[in-house]
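Position one of the sequence shown corresponds to residue 1 (this note's numbering), numbered consecutively onward.
Since the hints were made in silico from the structure, they are not lab data.
It is possible that some hints are incorrect.
Unchecked claim - Label-pair ranges, simulated between beta-carbon atoms:
{"no.": "1", "residue 1": "Ile-375", "residue 2": "Val-314", "range": "21 to 29 angstroms"}
{"no.": "2", "residue 1": "Leu-91", "residue 2": "Arg-216", "range": "43 to 51 angstroms"}
{"no.": "3", "residue 1": "Ala-99", "residue 2": "Gly-255", "range": "26 to 34 angstroms"}
{"no.": "4", "residue 1": "Val-314", "residue 2": "Ala-386", "range": "18 to 26 angstroms"}
{"no.": "5", "residue 1": "Gly-309", "residue 2": "Glu-343", "range": "43 to 51 angstroms"}
{"no.": "6", "residue 1": "Gly-163", "residue 2": "Ser-37", "range": "17 to 25 angstroms"}
{"no.": "7", "residue 1": "Arg-406", "residue 2": "Gly-309", "range": "41 to 49 angstroms"}
{"no.": "8", "residue 1": "Pro-313", "residue 2": "Arg-188", "range": "46 to 54 angstroms"}
{"no.": "9", "residue 1": "Lys-128", "residue 2": "Arg-220", "range": "27 to 35 angstroms"}
{"no.": "10", "residue 1": "Thr-92", "residue 2": "Ala-258", "range": "25 to 33 angstroms"}
{"no.": "11", "residue 1": "Gly-94", "residue 2": "Gly-399", "range": "54 to 62 angstroms"}
{"no.": "12", "residue 1": "Arg-216", "residue 2": "Arg-188", "range": "25 to 33 angstroms"}
{"no.": "13", "residue 1": "Gly-35", "residue 2": "Val-176", "range": "27 to 35 angstroms"}
For each residue, glycine too, the CB sits at the ideal point set by N, CA and C.
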Amino acid sequence: MARAALVALVAAHAVSQTGNVVTAFAVPFYVLALGGSGVEIGVAAAFATAPVIIGGPLGGVVVDRVGHRRAAIVADVVSGASVLAMPVLALTVGLPFWALLALVFVGGLLDTPGQTARRVMLPGLTQKARVRVERSVGLLDGSERFAKLVGASLAGLLVAAVGPIASLFVNAATFVVSAVLTWALVPRDAKAAKADTGIGGARRASFWGDLAEGARFVVRDPLMRLLVGLVLITNLLDAARGSTLLPLYANDRLGGAAALGLLVATMGGCALLGNVAFGFVAHRVPRRVTFAVCFTLAGGPSSLAFALGAPLPVLVAATALAGLAAGSLNPILATVELERVPEHMRGRVFGLINAGAWAGVPFGALLGGLAADTIGLAFAFGIVAAAYVVTTLTPLTGGSWRLMERGNSAHHVRNDRP
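Turn these sequences into a full structure, and let the hints steer you where they fit.
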C-alpha cells in the first residue's frame with residue numbers, strides 16, 4: 001500500500017508536468033500565429049514563470065499550514081481551470097494577447113505550490129515504502145523528465161495538427177487526472193489536521209511569521225545561499241534558451257514545432273536515461289564534483305552547437321549529451337535540500353528556494369527575446385554557452401560547496417533500503 005501511494009504521487013507529478021510541456025509549446029506558437037515578435041514571446045514566457053516568484057514562497061507557507069495533500073489537489077484544480085479558459089475564450093469571444101498573459105499568469109500561480117506539496121510528501125511515503133531517499137527523489141525527477149519526453153512529442157504533434165489553442169484542452173485534462181490520482185490514492189497527511197497549530201498542538205505563528213522563519217533559514221544556511229544563486233543564473237540562461245531562443249530558432253531554421261518537439265523530447269528522454277542510471281550510483285559518487293561536471297555538460301556544449309549553426313543531427317546529439325548529464329542534477333539538489341531542511345519547514349523553505357532560483361527566469365525569457373531581435377540567434381546562443389560554463393564550474397572552488405557531501409548536513413532523512 002505504501003509503495004502504491006508513492007507510485008501514485010510520482011504519476012500525478014508526471015501527468016501534471018506533461019500538461020505544462022504542452023502549454024510551453026502552445027503559447028509561443030499562438031503568439032507567433034498572432035504575428036507576435038521575439039519580444040512578445042519573451043513577455044509571454046515571463047508571465048508564465050513570474051508566478052513562481054510569488055506562488056513559491058507564499059504558496060509554500062500555505063502548503064505547510066493546510067496540509068500537503070489538500071494543497072496539491074487544490075493547486076491542480078485551479079491551474080486546470082485557468083488553462084481550460086484559454087481555448088474556451090479563443091474559440092468563442094476571442095483571446096487577445098493581454099488576456100493570454102493574464103491566464104498564463106493565473107495558471108502558473110498555483111502550479112509551484114502544487115509541485116512543492118508533492119515534493120514535501122515524498123520523504124514520508126519513501127520511508128513507509130522502505131526506499132532509498134536518493135532513489136525516490138530520482139523517481140520524482142525522472143517522472144518530470146518522462147513528462148518532458150512524452151509531452152514534447154505530444155505537443156509538437158498537437159500544435160502541428162490542430163493548432164496551439166486546441167492543444168491546450170489536453171493540458172487542462174492533465175491537471176484533472178493529477179488531482180484525481182492524488183485524491184484517490186495518496187493517503188491524507190497529518191498536517192491537514194493541524195492546519196492552525198504547530199508541533200504538539202502549540203499555536204502556530206502568523207502566516208508572515210512562518211514566511212519570515214523560512215526566509216531566515218535560507219539566508220543563514222551557507223550552502224542554500226550558494227545553491228539558490230547558482231540555479232538562479234542557470235535558470236535565467238535556460239529560460240532565455242528554452243522559452244525564447246529555441247522556439248525562434250526552430251521556427252526560423254528548423255521548420256517549426258515538429259523539430260522543436262524532437263529536440264525537447266531528446267533532452268527529456270536522455271535526461272530520463274541519465275536519471276535512471278544515476279539512481280544506481282547516486283549513493284556512491286561524490287556529489288560536488290559530479291554536480292559541477294554534469295551541470296556544465298548540461299548547458300555548455302548544446303548551446304555552443306546552436307551558436308555555430310550546426311545541422312539538426314548534431315543539434316540532436318548535443319542535446320542528448322546535455323540530457324544525459326542533466327539527469328543527475330535534480331536528484332542531488334533535492335536530496336541535499338531534504339537533508340538540510342527540518343521537516344516542519346519544508347513547504348515554506350522549498351517554496352522560497354524555488355522562488356529564489358526562478359527569480360531570473362522571467363528576465364531570462366525577456367532577455368532572450370531582446371537578444372534574438374538585436375544581436376541575432378547565433379550570438380545569443382554563444383553568450384548563453386559561455387556564461388553557463390563559467391557559472392556551473394564554481395562548485396569546484398570548494399568552500400561551503402563542500403557541505404554538499406554526505407555527513408555535512410544539519411538534518412538527515414532516514415534512508416532505509418528496500
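Q. Honestly, do Pro-313 and Arg-188 meet the 46 to 54 angstroms range at C-beta?
A. Given range 46 to 54 angstroms: holds, Cβ gap about 51 angstroms.
Q: Could you tell me whether the CB distance from Ala-99 to Gly-255 stays inside 26 to 34 angstroms?
A: 30 angstroms, holds
Q | Range hint 27 to 35 angstroms (beta carbons of Lys-128 and Arg-220) holds or violated | A | Given a distance of about 32 angstroms, which is inside 27 to 35 angstroms, the answer is holds.
Q: With respect to the beta-carbon atoms only, verify the hint that Arg-216 and Arg-188 lie 25 to 33 angstroms apart.
A: 30 angstroms, holds
Q) Falls inside 41 to 49 angstroms, the C-beta gap from Arg-406 to Gly-309? A) 43 angstroms Cβ-Cβ, so the 41 to 49 angstroms window holds.
Q) Cβ-Cβ distance between Gly-94 and Gly-399: within 54 to 62 angstroms? A) 55 angstroms, holds
Q. Could one say that the CB atoms of Gly-35 and Val-176 fall in the range 27 to 35 angstroms?
A. Holds: the Cβ-Cβ distance is about 33 angstroms, inside 27 to 35 angstroms.
Q | CB-CB spacing for Ser-37 and Gly-163 relative to the 17 to 25 angstroms hint | A | 20 angstroms, holds
Q) Range hint 18 to 26 angstroms: satisfied by the CB atoms of Val-314 and Ala-386? A) 19 angstroms, holds
Q) Is the hinted range of 43 to 51 angstroms satisfied by the C-beta distance from Gly-309 to Glu-343? A) 50 angstroms, holds
(Q) Taking the Cβ atom of Leu-91 and the Cβ atom of Arg-216, is their distance within the range 43 to 51 angstroms? (A) Distance hint for Leu-91, Arg-216 holds at roughly 48 angstroms.
Q.
Taking the Cβ atom of Ile-375 and the Cβ atom of Val-314, is their distance within the range 21 to 29 angstroms?
A. 23 angstroms, holds
In the structure shown, no violation is registered for any of the earlier numbered hints.
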